[in-house]
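**Student:** All chains should be modelled from the sequences, with the hints used to inform the complete structure.
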Amino acid sequence: MIPVIIWIVMILGGGVLSIWLDLQWFPEIFSSIFIHIITFVAGVFIFFFVMNASRNTGRFLAKFGRECDVPRLETNKLVTTGIYSCMRHPMHFGLLFSPLSIALILGLPTFVLIIAPAEMIIILLLIKFVEEPQAIRKFGNDYKKYMEQVPFFSLKAECLRKLFLKDNDIW
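Using our numbering, the first residue of the sequence shown is number 1, and each one after it goes up by one.
Simulated from the structure, these hints should not be mistaken for lab results. Be careful, since some hints might not be right.
[Claimed, not checked] With a straight-line Cα cutoff of 25 angstroms, these simulated DSS-like cross-link-like pairs (lysine-lysine) come out: (1) K156 <-> K128; (2) K156 <-> K138; (3) K138 <-> K128; (4) K128 <-> K145; (5) K145 <-> K63; (6) K144 <-> K156; (7) K77 <-> K145; (8) K128 <-> K77.
[What the hints assert, rightly or not] Pair by pair, the computed Cβ-Cβ distance ranges are: (9) I35 <-> R72: 37 to 43 angstroms; (10) D69 <-> V44: 34 to 40 angstroms; (11) W7 <-> K138: 49 to 55 angstroms; (12) F45 <-> L125: 39 to 45 angstroms; (13) A62 <-> V150: 47 to 53 angstroms; (14) L125 <-> I38: 43 to 49 angstroms; (15) V44 <-> E158: 24 to 30 angstroms; (16) F34 <-> D142: 51 to 57 angstroms; (17) F40 <-> E67: 41 to 47 angstroms; (18) F40 <-> A62: 30 to 36 angstroms; (19) L78 <-> I38: 39 to 45 angstroms.
Beta carbons are placed, not taken as given, at the ideal position from N, Cα and C, and that holds for glycine.
**Tutor:** If you want it as structure tokens, here you go:
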């Protein structure tokens with residue numbers, strides 16, 4: 001529940017702060033329909049990939065990360081196959097781009113240039129200092145071994161294809 005609240009605060013707070021800053025710093029850009037159309041299209045394009053990453057990894061975790069009766073959106077089995085053999089946090093890698101996509105959809109320059117990158121850094125820090133320690137507590141030495149073998153994120157074409165494109169049966 002806490003991560004959801006953090007996401008909402010970051011997105012809503014980022015949007016409100018950006019509107020205020022943009023009215024001060026970029027009034028011409030803030031009122032430009034042309035720029036808003038361009039950034040909107042770019043933001044929707046990126047958001048499409050963010051949602052694909054979330055869907056693909058969520059379905060994969062639901063299928064392979066649960067044994068017995070586990071509450072929805074929770075796992076009790078360490079998944080190290082499929083996209084999780086390429087990178088440890090594929091869902092987070094995809095979701096990392098959501099602040100940027102929303103900033104572009106809203107067409108707010110300070111959100112795009114300052115706030116979204118800051119939020120992306122916060123997301124990385126949360127993964128490193130909250131998610132990873134939780135996974136170590138949950139899965140113990142198996143997760144530590146997994147950390148040694150699989151990178152945090154991967155930019156390999158095959159990994160990115162599996163992550164961002166429509167899910168498939170290759171996994």
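**Student:** With reference to the structure, classify each hint as holding or not holding.
**Tutor:** Hints versus structure:
1. K156 <-> K128: OK: K156 and K128 at ~21 angstroms, within 25 angstroms.
2. K156 <-> K138: 28 angstroms, violated
3. K138 <-> K128: 15 angstroms, holds
4. K128 <-> K145: 16 angstroms, holds
5. K145 <-> K63: Holds: K145 and K63 sit about 23 angstroms apart, inside 25 angstroms.
6. K144 <-> K156: Cα-Cα ~22 angstroms, so holds.
7. K77 <-> K145: OK: K77 and K145 at ~15 angstroms, within 25 angstroms.
8. K128 <-> K77: Holds, because 20 angstroms separates the two Cα atoms, which is no more than 25 angstroms.
9. I35 <-> R72: 37 to 43 angstroms: 40 angstroms, holds
10. D69 <-> V44: 34 to 40 angstroms: The hinted range 34 to 40 angstroms holds for D69 and V44, with Cβ atoms some 38 angstroms apart.
11. W7 <-> K138: 49 to 55 angstroms: 21 angstroms, violated
12. F45 <-> L125: 39 to 45 angstroms: 27 angstroms, violated
13. A62 <-> V150: 47 to 53 angstroms: Between A62 and V150, where Cβ atoms are some 20 angstroms apart, the hint is violated.
14. L125 <-> I38: 43 to 49 angstroms: 31 angstroms, violated
15. V44 <-> E158: 24 to 30 angstroms: 26 angstroms, holds
16. F34 <-> D142: 51 to 57 angstroms: With a Cβ separation near 53 angstroms, F34 and D142 satisfy 51 to 57 angstroms, so the hint holds.
17. F40 <-> E67: 41 to 47 angstroms: 43 angstroms Cβ-Cβ, so the 41 to 47 angstroms window holds.
18. F40 <-> A62: 30 to 36 angstroms: 32 angstroms, holds
19. L78 <-> I38: 39 to 45 angstroms: Given about 43 angstroms between the Cβ atoms, the range holds.
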